[in-house]
Amino acid sequence: MELSPEEENQLVEKAKLDPEAFADIFDLYYVKIFNYCIRRVQNKTLAEDLTSEIFFKALKNLSKFKWQSVPFGAWLFRIASNEVITYYRKGHENVASLDQMQQETGFDVEGVGDAATDIKSEEVEQEQFALFHEVSSCLISLPEHYREVISLRYFEKLSILEISEILEKPEGTVKSLLSRGVEMLRKQMSIKQPVLAPNVVISVRK
Amino acid sequence: MIFMENNELNNLLERMEVPEFQNQTHQRKLRASLMNYKTEPKGFAFFSLMNVSFVLAIALVVIGFKGLKSQGEPVATPPVIMSRESSIFSTDMPASTTPAPALMNNITLPTRAGGTVASPQANQAEDSNAKKMTPPDQKSPVGSQSIVGFTSCLPPKDTSGFHTMECAIGLKADDGSYYALLDPDNSHELFKYSGDQRITVTGMISPPNESLAKRYAVNAEIKVENIESIK
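Chains as they are written, first to last, in the numbering used here: chain A, 1145 to 1350; chain Z, 97 to 327.
Keep in mind that the hints were calculated from the coordinates and are not lab data. Check the hints yourself; a few may be wrong.
Heads up, simulated BS3-like pairs for lysine-lysine below, C-alpha to C-alpha not over 30 Å straight-line [stated by the list, open to error]:
id, chain 1, residue 1, chain 2, residue 2
1, A, K1234, Z, K125
2, A, K1301, Z, K268
3, Z, K125, A, K1158
4, Z, K125, A, K1176
With the hints as constraints, model all of the structure from the sequences given.
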């Protein structure tokens, strides 16, 4: 369900007075926030913990939110971004790779349905997400501020304006960060070329 | 991949398909938790704890300060003693902190029956209870003064048990208060003055030392400078 900015604003204002109204906001944003977290930390349990923390903080600080500065979604993603940064600053730089993630948590990163973990996604071919797998594994070695913009731009499919609102940085700065981030990512992917899926290499050579 | 340009990779990333995950179990549990969440319990509890801690800390400081005062610790005001020579003691000073004047050391007071009042050194072991005998708030005259009254045996504090005829000569002032008379070298021949003789005693007045205060109900002690008989 998509809401217009005005409808969303009304919902947020209602939730400020009635905590139960926050449930509607939660339903709107849970999947987005959980996916952002799991793509950033690549660990299901950790993503659940972070998602919980993000929504609790949002509920707790809802009265401080003002629509004039940023849209609610950007405000929520700002909390999420800060939580992930805090997680990495606590010394969790070396997160598990996607392969490790699958082995350790049983989480199906490819989105194949897994009854045990109650994770459902579309039935897709392994190759469909091969580039995502490769980018994710290479992102780990990048500095956090590059990881952040690349993730928001290419994983969450947010616009430069939305990213600038979330990160509270000018759009020009976001573009620069993206440009340098992609350059670093390209170098990382060149190093890791042997592990790329064949179809990815072929598509690049086109 | 080394031949791939940034814009090529950028285009590739723009078209990149990203898996989307759902976690309905967690979503359901988290939703329920959020609905049961009361507004800012953690923050409230934290600040409440901070407030209580702050009030307790202030209370402890105040109680500690009062405790020190009640234990007779010297305080800045009023001044405890200005100088030994002037023998001016604070009348508010507790007996336990009053330095015993050196005047009483190694002297004996003649008694009417020929006995003596023991010097403070002989009774040091008994001095521990002295402060009970002289209330801290007892007002005593200080400085060099003249007191009019009659010579009298100082009234003992302990009236129980066996009594001797021992008499420590002192002065019973017209207002009924008793003063111990100190005449270290016996130059004033206190023994010459009988109980029915009205006299004026001039001397340095100070609070009674602990030994005296313990044994006799005296208001102060007078280092005798002069005695005049009043006819």
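To see whether the hints hold, each was checked on the structure:
1. A:K1234 with Z:K125: holds (27 Å)
2. A:K1301 with Z:K268: Violated: K1301 (chain A) and K268 (chain Z) sit about 106 Å apart, past 30 Å.
3. Z:K125 with A:K1158: The hint holds at about 23 Å.
4. Z:K125 with A:K1176: Given pair K125 (chain Z), K1176 (chain A) holds - Cα atoms ~17 Å apart, limit 30 Å.
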